[in-house]
Amino acid sequence: MAVVEQIPQILRPAHEETSRMCPATGLRVYAGAQALTLANAVAAVLALALGGLFGGLIGLSRSPALEFLGPSTYYASLTAHGVAALVLWPVFFEVAAMVFTSTILLNARAYSVALGWASFALMVVGALVTFVSIMSGEATVMFTAYPPLVATPAFYVGYLVFAVGTLLAIVNFALSIVKARVEGVITGSLPVITYGVACAAILALLSILSGLVALVPALFYSLGWIEGLDPIVYRGWFWGLGHTLQYVNVVAMVVAWYGIIALAYRAGPVNQKFTRIAFILYLVIALPVLGHHFLVDPSLGTGVKFVGGTFMGFALGIPSLMHGLAVMGGVEYGLRREGATGLFGWLKRLDWTSYGTAALAGSLLIFAVGGWSGTVETTLPLNLVNHNTMGVPAHLHSTVVGGMTIAFMGFAYYLVPLLTTRRLWGGKLATVQAYAYTAGLTIMIAGQTWAGILGVPRRTQSASYGGDLPTGWDASMNLNAIGVAIAAPAGALFVVIMVMTIVAGKKTSVAEELVPSGTH
Amino acid sequence: MSASESPIASPAPGWAKRFPRDEKLFVVLVLVSVAVMTAFSVGWLFWGSQNVPTRAEIVDQKAYAAQVNEFAKRYRADDGKVWVPPGTDAYMLAFRFGWTPELVLQEDTKYTIWISSADVLHGFSIVGQNLNLQIAPKHGFGATITPTESGRYRIICNEYCGLDHQKMTSFLTVVPASEMAATQETIAAGGSDTSGGGAAAGAIEISADEANALRFNVTELSAEAGTVTISMANPSALPHNVAIKGNGVDEKGEIVGSGGTSTVSADLAAGTYTFYCSVPGHEQGGMTGTLTVT
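Line by line, the protein sequences are chains C and F. Numbering of the first sequence is given in my numbering, commencing with residue 3 and proceeding in unit increments. Numbering of the second sequence is given in my numbering, commencing with residue 259 and proceeding in unit increments.
These aren't lab readings, by the way, just hints derived from the structure by calculation. Don't take every hint at face value.
[To be verified] For lysine-lysine, the following DSBU-like pairs were computed, each having C-alpha atoms within a straight-line distance of at most 30 Å:
1. C:Lys-275 with F:Lys-282
2. F:Lys-339 with F:Lys-503
3. C:Lys-350 with F:Lys-282
4. C:Lys-275 with F:Lys-275
Source: prediction; values computed, not measured.
Pulled out of the complex, with its shape left as it was, chain C reads as follows:
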């Protein structure tokens, strides 16, 4: 074909790269892509460890019975928790997914391994700069950094360097797919999970561009180059980054669901078209939904607030519900074909001691709760009731932690053994981890939801205000802390399992040891 003959010089392989055949999937794994995926996954796990550490501290300290952190330590820890757990952990994991789905999954090389490492280096440096600036106490502004609150310039510089690194990763992802096509390595449609990650990458691109518009002026403001920033305008551009990034996370979570059912159950979506349309819907609906951050702001008309916040918020439930059906329906369909009978016979065929089943069930369940609470909170008159109460962390911990983080954990339990060709360390410990984490989060989210209904404020070191507060303000936050006390060690166990797998997991090339089946 003419197209193939006109491959630009830059797309030709520079040198022969070593590769191996994956014993479980039969895919060709190139060394460069494998190392890049693993490096980003390891950075993600370390970021999660930091995010979880600070999350555990602030979660326990918010209990009125404990309150052991002083204001400056508390607020710095809360900022660190937000940056590590809500930005660094998901984005590093998503970049790992971008490399994985654009190379290994397609039997292809990365477009440029060097570009991949440059992107990784920038992301790590940016993350460290921002993190150190927070730890120095010069950037106690929350991860949102609403001006006129101002952090040391290093805080914004770190964010921006991290964003540029992520941009390079998106470029490498797109060019890797183009290269695989041009070289004829793939000919048919993209696999569903590559397709999903491509949607996530497009959303990530949009969110980074919006973030640059917010953060570059904020940096100039921090340097004293410009006089003032309108916080409402900043909030618009910031949430163009912040909330769009949450849909990058949701899409990546759905991809992890499909990844888990593919590897654990050899199952797929009930219908390819249905699933792909659901992915595309996220692209259409996710951007305007940042409007819900303005529901009780002194800006925008009621019509705009309603359409951008409330209506779009409701509409965002559509693709998530579609994926929920496609994932569970796909598993059910596969098991029925293998002979499951009755209405719920297929559920009995699932191995409930499998870490894949544990993580998938926990993620689906808590994400459903988070979707529901998000729908409540995005309703204009109801936002007046729960804006900036503990109801907001209840929602975002259901979606980002209960939904996304558990799904990523479950997917990592399959991905990391395949990449390292080592057995998952600890065996069924991973199943215990997934169940314990789910249980802890459920209690934590119940406490936060209860507190939110009672109007307990979020983002505060103490909500004591010298007493005379409504009944339940203390009890709900103590319940939250009990959940944290279970979830935080369970989260730490994930980090231990990952690290031990990489350094001490038993080398194997037996497919069933790398990817144990999640069905009986």
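Since the structure of chain C is already known, use the hints to place chain F on it.
Using the frame of chain C, we list chain F on its own:
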């Protein structure tokens, strides 16, 4: 349902034509539920009694602070609170780390309370009433509310605004009509508030920073032992006061808004003292200096 295909491999050609009936039905059900939720939430905007305020304006921060001050002066009673007569808009200013003035409203009466911020973002939240509004500098928010029950309600800030965010609290009092009428008569008879006049005679005169920075115009003061009086003019948009502490002394002047004067007096022996602003966070922010008494 059609054949399920692996999500990690390319699907067989022809997948784009297949969209089965079960899934179509599911999508229709989801769309119906979205339509029902949308209809209810639109209806709420028209027939609900608890809706987001619709009045928002861009305000000049300095002019707004002066407006709050003038309003507070006019309706301030002897208890220091501002009693808002029915039919009058109320004005509040959020600042790091407090709310000014403290309002008293009449039961079962519709009020519009305008709120803006002197510095950073704040959150206006009335505990137990579940009213939460985002407050921003340069933006005025006019919330129309009808308090239905007499009592004292706690206001807190629910948007992180700095290291003393958790101390940012105030009160809103709701009283029956008779009490409001009686107090309005007293206010009318007593004329406007007497505080915030000129500097006391013989006082050391200082000033808060005009550009809203957390500092005085001086960092060193000296005085002779005996009764020392410091008068601080407040030309800034933020509420400030002047206070003296050290060697067992702890005296605070009244917290005054834009255009007011805060005065503090203390009997001081020779020694070194600190003069500062006692509004939470302001001393830590640099609003402090050394007073040397000889």
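Next item on the list: Check each numbered hint against the structure and report the violated ones by number, ascending.
Entry: Every hint satisfied by this model.
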